[in-house]
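J.: Sequence:
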Amino acid sequence: MKIETLVEIGVEIRDVISSFIKNNEDYGEMLVQRPKDITRKMDMAAENALDTALLTRGLSARIISEELGDRIVGNHPDFMLVVDPIDGSTNATCGIPFFCTSLAYTDTTEIATFDDISMAVICDIQGNTYCAEKGKGAFLNEKQMIGKKRGTRPKPVVSVYSYGVPHVPEGLIELEKSIIVRALGSIALDMCFVADGTLDGIIDTRGLVSGYDIMASALILKESGGTLTDIKGKNLTNNVQVTGLSIAGTKNSELHEKIIRMLGVK
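Here numbering that gives the first Met the number 0 is used: the sequence shown runs in plain steps of one and ends on residue 265.
Since the hints were made in silico from the structure, they are not lab data. Keep in mind it's a predicted model, so treat the numbers as computed, not measured. Don't be surprised by glycine CBs; every beta carbon is placed ideally from N, CA and C. Mixed in with the good hints, there may be bad ones.
Stated by the list, open to error - Within a straight-line C-alpha distance of at most 30 angstroms, the following computed BS3-like cross-link-like pairs (lysine-lysine) qualify: (1) 233 <-> 133; (2) 142 <-> 1; (3) 154 <-> 176; (4) 231 <-> 133; (5) 257 <-> 135; (6) 135 <-> 1; (7) 154 <-> 233; (8) 233 <-> 135; (9) 231 <-> 176; (10) 257 <-> 133; (11) 21 <-> 40; (12) 176 <-> 257; (13) 133 <-> 1.
Said to hold, decoys possible - Pairwise CB distance ranges (calculated): (14) 152 <-> 77: 37 to 47 angstroms; (15) 56 <-> 93: 27 to 37 angstroms; (16) 224 <-> 260: 16 to 26 angstroms; (17) 67 <-> 23: 11 to 21 angstroms.
With the sequences and hints as input, model every part of the structure.
T.: In structure tokens, the structure reads:
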């Protein structure tokens, strides 16, 4: 598959989501509730749009997704897609226009890791398309991201996710004194914002990040020149079906080193 085809598929899914939300008042209705997640009507519309996009192109794939798990579309899969049909679904349900479709591609159909992802596409609901191809850079709306900061800022602006769990790293409170904290509600888009210079970094200490959440955005951040590790500073070499991650990503290596040092997780 070429990156252009993956972009087309992502855009088609985004368009279906946008139309579904506009034309169905019950788009946020809950269908399945799991301990750590919820599947809504709009999620299933997005999954169906993915299947349609593949089958109409005569493509067969192994799909690993947030909503439907591990499945095969078509007959004999030629590649694997790691998919989050709607990352930021709570934002979508609340009418906050900050959510996206996330697609990560690998040629292998067996066990795959972060390093095996060779293409990534993220399409946000406002019409922006982020994409990356391993070794060829990262792009926003077909323009290569060179990572310049947007505007001046007195402190690094970092998206921090630490809520909803009983414990946070001891150093996080001290770290937050030296940064401007944001939490925008879509970890995939947050990482793209780090890639394009809108944010300086992202931290998630909750141990709740899964492979489908960040497989695509991880490649986009790395191809833009950024750094992504777990909060101990170790590279992510996990299987695509990994769960329970805590992560730290930045565009600036000095900021990343500071974050890891101040979090002090061992």
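J.: Compare the structure with each hint and give your call.
T.: Hint by hint, here is what the structure shows:
{"no.": "1", "hint": "233 <-> 133", "result": "holds (20 angstroms)"}
{"no.": "2", "hint": "142 <-> 1", "result": "holds (17 angstroms)"}
{"no.": "3", "hint": "154 <-> 176", "result": "holds (10 angstroms)"}
{"no.": "4", "hint": "231 <-> 133", "result": "holds (25 angstroms)"}
{"no.": "5", "hint": "257 <-> 135", "result": "holds (28 angstroms)"}
{"no.": "6", "hint": "135 <-> 1", "result": "holds (13 angstroms)"}
{"no.": "7", "hint": "154 <-> 233", "result": "holds (25 angstroms)"}
{"no.": "8", "hint": "233 <-> 135", "result": "holds (24 angstroms)"}
{"no.": "9", "hint": "231 <-> 176", "result": "holds (20 angstroms)"}
{"no.": "10", "hint": "257 <-> 133", "result": "holds (27 angstroms)"}
{"no.": "11", "hint": "21 <-> 40", "result": "holds (13 angstroms)"}
{"no.": "12", "hint": "176 <-> 257", "result": "holds (13 angstroms)"}
{"no.": "13", "hint": "133 <-> 1", "result": "holds (12 angstroms)"}
{"no.": "14", "hint": "152 <-> 77: 37 to 47 angstroms", "result": "holds (45 angstroms)"}
{"no.": "15", "hint": "56 <-> 93: 27 to 37 angstroms", "result": "holds (34 angstroms)"}
{"no.": "16", "hint": "224 <-> 260: 16 to 26 angstroms", "result": "holds (21 angstroms)"}
{"no.": "17", "hint": "67 <-> 23: 11 to 21 angstroms", "result": "holds (20 angstroms)"}
Violated hints: none; the structure is consistent with every hint.
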